[in-house]
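J.: Sequence:
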Amino acid sequence: MSPVRLIGIDVDGTLVGASGRVPPSVWDAAKRACDAGIHLALCSGRPAFGVALDYARRLDPRGWHIFQNGASVLHLESGRSLSTPLDSEPIRSLVAAARTSHHVLELYSDCEYVAEVNNRWAREHADLLGVPFDPRPFESLSGPIVRAQWLVSPEDVASFVQSAPAHVEVAQSTSPIMPDTRFIGMTREGISKGTAMQTIAHAYDIPLEQVMYVGDAGNDLAALRVVGVPVAMANADAAVLAAAKHVAGDVEEGGLIVAIELALRTLRKS
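With our numbering, letter number 158 in the sequence shown gets 158, and the count goes up by one each step, no holes.
Just so you know, these hints were derived from the structure itself, not from any lab. Treat the hints with caution; some may be incorrect.
Between beta-carbon pairs, the in silico distance windows are [said to hold, decoys possible]:
hint, residue 1, residue 2, range
1, 242, 32, 25 to 31 Å
2, 28, 167, 41 to 47 Å
3, 58, 144, 38 to 44 Å
4, 28, 139, 42 to 48 Å
5, 75, 25, 26 to 32 Å
6, 154, 19, 17 to 23 Å
Glycine residues also receive a C-beta, built at the ideal position from the N, C-alpha and C atoms.
Construct the complete structure from the given sequences, taking the supplied hints into account.
T.: The following block contains the structure:
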C-alpha cells in the first residue's frame with residue numbers, strides 16, 4: 001500500500017455518532033496523523049459554518065476542507081473558495097415543489113442557509129448544525145446557492161430521489177443524531193465528494209493512490225471510488241462496505257481511530 005498523505009473524513013456516522021460529540025481519543029489520533037505530516041480534510045454534507053466548521057478547524061485550521069457534498073471546497077487559512085453553484089432552473093423547480101408540498105427544503109450558500117418550513121425536523125437540523133433556527137423566505141438567501149436538501153422520512157426517500165430535477169447530482173445521507181430523518185442533497189450535476197477529493201488532492205499535489213477516505217453513507221460512495229485507500233466504518237451502509245477495501249470500527253466506539261492508525265502504519269512502512 002502506498003503511504004497515505006491525505007485523509008478525507010466524513011462527519012455524521014464517521015467522526016460523530018449519536019451523542020453528537022467527537023471522542024477525545026479520536027482527536028488524539030487525528031493529532032498524531034497531523035504530527036506525522038498527513039493532511040486531514042473534513043468531507044461532509046454539512047455546510048461550512050456552525051459545528052462542521054469547528055470540526056474542520058480542529059482537524060486542520062490551515063488546510064482544504066469539503067462541505068455540502070463537494071459543492072463547497074474551502075481553504076480555511078486563505079479563505080479561497082473552489083465552490084460550484086447550482087443552476088437556476090433546478091432551484092426554481094425545487095422551491096415550487098416545496099411550497100406546494102410543505103416538505104422541508106433547505107437552500108445553502110457557502111456561508112448560510114435558509115428553510116421556510118417550521119417543523120420539528122427543521123428545528124432539530126438547525127440544532128445539529130449548531131446554528132439558530134430562523135425560518136425565512138428562500139429569496140432572502142445571499143450569495144450563490146451551492147446545494148439544496150430535502151429532509152424526508154425513510155419511506156419517502158425513493159420518491160424524492162426519483163423526482164429530483166434534471167441536471168443535479170443526488171446524494172443520500174443520514175445522521176445518528178436524527179435517526180428518523182433522511183437527507184436528500186442536491187448539487188450541480190457532476191459535483192460530489194469524489195470530485196472534491198480529487199480537487200484538494202491536486203491542490204496538495206498528492207496522487208490519489210496516496211489518499212484515504214473514510215465514510216459510512218451513500219454520499220460517500222463517489223469519494224470511496226476515486227481514492228487509493230477507501231475505508232468504510234463498521235456501521236456503514238451495505239453499498240459503502242462493498243465499495244471499501246478496509247473496514248474501521250463502529251462510530252459509537254471511536255472507530256475512526258482504526259482508519260487513522262492504518263494510515264500511520266503506511267507511513268512507517270514506506
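J.: Confirm or reject each hint.
T.: Status of each hint after checking the structure:
no., hint, verdict
1, 242 to 32: 25 to 31 Å, "30 Å, holds"
2, 28 to 167: 41 to 47 Å, "44 Å, holds"
3, 58 to 144: 38 to 44 Å, "27 Å, violated"
4, 28 to 139: 42 to 48 Å, "45 Å, holds"
5, 75 to 25: 26 to 32 Å, "28 Å, holds"
6, 154 to 19: 17 to 23 Å, "22 Å, holds"
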